[in-house]
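Residue numbers (our numbering), protein chains in the order written: chain G, 3 to 222; chain P, 5 to 136.
Treat the hints as calculated values from the structure; they're not laboratory data.
For clarity, every value in this text was computed on a predicted model and none was experimentally measured.
Treat the hints loosely; a few may be bogus.
[As the list claims (entries may be wrong)] List time: in silico SDA-like cross-link candidates among lysine to any residue, alpha-carbon distance up to 25 Å:
no., chain 1, residue 1, chain 2, residue 2
1, G, 91, P, 79
2, P, 64, G, 194
3, P, 98, G, 114
4, G, 33, P, 64
5, G, 111, P, 118
6, G, 112, P, 65
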Amino acid sequence: MYIIVVGGGRVGYYLIKALLEEGHEVLLIEKNASICETINDELGNVCFRGDGCEAATLAEIGTGRADMLIAVTGDDEDNFVACQVAKHKFNVPRTIARIRNPQNEVLFKKLGIDVAVSSTNIILEHIEEQVPTHPLTHLLTLREKGLEIVEVKIPPEANTVGKVVKELSLPEQSKLVLVISKERQPRLATANTVLRGGDQIIALTAPEAEEQLRTALRGG
Amino acid sequence: MKIVIMGSGRVGAQLAGLLDAEGHQVTVLDIDAYSFRRLPADFGGTALVGNGLDQASLIKAGIETADVFVAVTQGDNRNVMAAQIAQHIFNVPKVICRIYDPLRQELYQTLGIDAISPTTIFAQMLKEKIEG
Chain G
3 MYIIVVGGGR
13 VGYYLIKALL
23 EEGHEVLLIE
33 KNASICETIN
43 DELGNVCFRG
53 DGCEAATLAE
63 IGTGRADMLI
73 AVTGDDEDNF
83 VACQVAKHKF
93 NVPRTIARIR
103 NPQNEVLFKK
113 LGIDVAVSST
123 NIILEHIEEQ
133 VPTHPLTHLL
143 TLREKGLEIV
153 EVKIPPEANT
163 VGKVVKELSL
173 PEQSKLVLVI
183 SKERQPRLAT
193 ANTVLRGGDQ
203 IIALTAPEAE
213 EQLRTALRGG
Chain P
5 MKIVIMGSGR
15 VGAQLAGLLD
25 AEGHQVTVLD
35 IDAYSFRRLP
45 ADFGGTALVG
55 NGLDQASLIK
65 AGIETADVFV
75 AVTQGDNRNV
85 MAAQIAQHIF
95 NVPKVICRIY
105 DPLRQELYQT
115 LGIDAISPTT
125 IFAQMLKEKI
135 EG
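Please work from the sequences and hints to get the whole structure.
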């Protein structure tokens, strides 16, 4: 596969390294001459000096035959334009953009960029996971289906402790999947599963039903 | 008309002054308050510090009820992205942006963005002047 990466910062550097190891044909576009030189010294001749948002640059490096363009500069607007130019001028089948402002995800999707990866959201999710008191943790987002997999912890003092699943007023767009208790084996959640303090519930839910799910499981 | 201008540079500030003088309701948005020094002394519109790529700032600037949005910052990419936010997220009826790079301007024009390239226009003007 021919993959073009725009932006030779830390993300771009490690990305291109990984892609090279996988045996792809890769080219990195970077504006800064000294960064270009360092990367070329280290990884071989993989870095092209230029502006990845400029159609002339993209034409020069044969973007027309690229299978994928990944824009990972630190600026959302630059990543956005690089992907749009690749998509609309060179018909690159798959474009991926890094975004820092999570708000931009909607816009990028709406305007034809295939994948928008929000580095801010990913970092937040990882931190959330490590905060023990956090009532609801995002484990995975299934973007195409508009669903997410979340974990909800049942505190020992919750008024739902001792209730069975069918007694809970769960939102329609949420399904409980697994119950993980401290001293027992993880089991599938059924209508008759009893909630205990300290249980971790893994559930599938629509993002808009998240709040309702949390309340149903942990009490008001 | 209600007009939001992003970028209070020479062009943005002058445009704001002209439109304000004609009685339009003008809001100018810039990330640097110092840029507002370019606005005419009698400017009666609103000058707001904020990033035009940030939807909260745009809402503060009144984009939800704006008739026109103009993006004239120094950055082509910033302008073109802000223009698309205005057009596709906030459905502003008339959106205009400046793109210095003629190739990018051409592309975005075909994508339905009203983009003006001062580079092309100015070069053309110079040529006509030279040829008399």
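Verification of the hints:
1. G/91 - P/79: Holds - the C-alpha atoms of residue 79 of chain P and residue 91 of chain G are around 20 Å apart, at most 25 Å.
2. P/64 - G/194: Not satisfied, since the Cα-Cα distance of roughly 50 Å exceeds 25 Å.
3. P/98 - G/114: Holds, at about 22 Å.
4. G/33 - P/64: violated, 34 Å
5. G/111 - P/118: Distance of about 21 Å is within 25 Å: holds.
6. G/112 - P/65: holds, 23 Å
Violated hints, in rising order: 2, 4; the structure is consistent with all others.
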